[in-house]
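J.: Working from the sequences, and respecting the hints, build out all of it.
There are 2 protein chains.
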Amino acid sequence: MAGKVQKKREELRILLINIAEARIIDGGISQIRARDLAKDAGCAVGAIYNVFGDLNELVMAVNGRTFKRLGDHVMGTVKSHPDSTSAETLVIMGHAYLDFASKNAPAWRTLFDLEMSSDHDVPEWYMSEMRALLALIAKPLAEVFPDMEAEDVALMTRGLFSSIHGIVLLGLERRISAVPEDQLKHMISLVLNNLTKSAQKK
Amino acid sequence: MAGKVQKKREELRILLINIAEARIIDGGISQIRARDLAKDAGCAVGAIYNVFGDLNELVMAVNGRTFKRLGDHVMGTVKSHPDSTSAETLVIMGHAYLDFASKNAPAWRTLFDLEMSSDHDVPEWYMSEMRALLALIAKPLAEVFPDMEAEDVALMTRGLFSSIHGIVLLGLERRISAVPEDQLKHMISLVLNNLTKSAQKK
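Residue numbers (the numbering used here), protein chains in the order written: chain A, 1 to 202; chain B, 1 to 202.
Bear in mind the hints are in silico, worked out from the structure with no lab data behind them. Computed from a predicted model, the values in this text were never measured in an experiment. Check the hints yourself; a few may be wrong.
Same chains, same label: a pair holds when it works inside one copy or across any pair of copies.
[What the hints assert, rightly or not] Listed next, the in silico DSSO-like pairs over lysine-lysine satisfying Cα-Cα at most 27 Å (straight line):
| # | residue 1 | residue 2 |
| --- | --- | --- |
| 1 | K4 | K39 |
| 2 | K197 | K79 |
| 3 | K68 | K4 |
| 4 | K197 | K139 |
| 5 | K79 | K103 |
T.: Here you go:
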């Protein structure tokens with residue numbers, strides 16, 4: 001009997017994540033309201049909180065899936081350019097990030113829409129997904145800068161991810177004058193190419 | 001009599017901007033509620049909408065002041081390092097941006113919290129403030145890359161502003177693992193120094 005309850009709980013958990021994911025893909029975090037989720041899932045509002053501590057926890061679960069899709073998209077794009085140098089790979093990754101964000105704007109925005117200002121709030125699995133994503137960047141970066149200390153490579157990896165994120169974020173929101181998307185691609189190339197050039201010119 | 005009405009309107013406008021600015025400095029855009037503003041200003045809620053089309057317009061006015069403070073802080077910091085090279089100036093600006101954002105987090109966040117996804121929504125004076133801020137970056141950048149075409153300098157100016165913004169944004173929100181603020185400074189130096197090095201190594 002306990003096993004049956006457990007199974008129903010797990011089924012409801014997956015069902016709620018599926019429903020929340022569809023809603024977030026469609027319109028972002030504003031589409032996540034307990035009453036709507038309960039209606040879509042055919043359960044009571046209270047049942048949601050038997051499965052998730054709060055709606056943040058549910059959105060986190062969807063973000064986990066979005067991170068996975070983002071990583072797959074970036075790595076798929078890199079694999080379709082097998083003859084690239086490490087410096088070119090960084091640009092390809094930057095463009096793939098722009099492409100994913102532009103085609104999945106609501107879900108991508110939701111990755112960064114959750115309040116999590118203290119370390120305490122960020123679950124370990126989330127940080128681990130983030131580290132996996134950063135490792136994709138660290139590898140070609142370390143190849144471009146073979147003499148750079150590991151600590152600086154780690155810091156620069158985060159710096160480059162944040163840089164490209166900033167370009168994509170402000171670019172897609174047209175915050176700093178209307179830059180068309182192909183110009184955003186060129187902007188990413190300009191920043192990254194000039195950055196990696198410093199290593200190649202030794 | 002019309003002049004008197006006009007004067008009272010203008011006084012209320014300034015009073016509301018002052019009140020909204022204090023609230024935004026204190027807690028960001030969430031502190032802007034018509035009822036609270038009316039209470040602080042000692043006016044009816046409806047009177048606010050006689051002066052501003054909507055609350056967005058009021059927040060925009062505060063953002064104009066914040067932009068001015070940001071520009072003053074960046075230029076003040078640059079002026080206190082008169083012997084810097086153009087490449088060093090870019091790093092100094094990046095650090096000054098981090099410093100301003102960190103010390104004025106709610107007001108700085110509000111600069112980017114307003115919904116303005118289409119060109120239509122952004123007033124001309126706002127774009128003009130943004131252009132003035134970008135011009136501060138374009139000057140040393142053009143000096144570092146004297147052979148770069150003007151179009152690319154313009155694009156790279158936006159790219160660098162967005163990059164530093166991304167580093168500061170994700171860094172202060174601790175989105176991608178806890179990076180202490182002095183490491184954020186080093187992250188900004190690493191990205192910018194490696195970028196400008198490509199020009200110096202010719």
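J.: None of the hints should be skipped; say for each whether it holds.
T.: Cross-check of the supplied hints:
1. K4 / K39: within (23 Å within a copy, 56 Å between copies)
2. K197 / K79: Within one copy, since 23 Å is at most 27 Å while 30 Å is not.
3. K68 / K4: Close neither inside one copy (30 Å) nor across copies (63 Å); limit 27 Å.
4. K197 / K139: both (17 Å within a copy, 22 Å between copies)
5. K79 / K103: Within one copy, since 20 Å is at most 27 Å while 43 Å is not.
Comparing the model with each earlier hint shows a violation of hint 3 alone; every other hint is respected.
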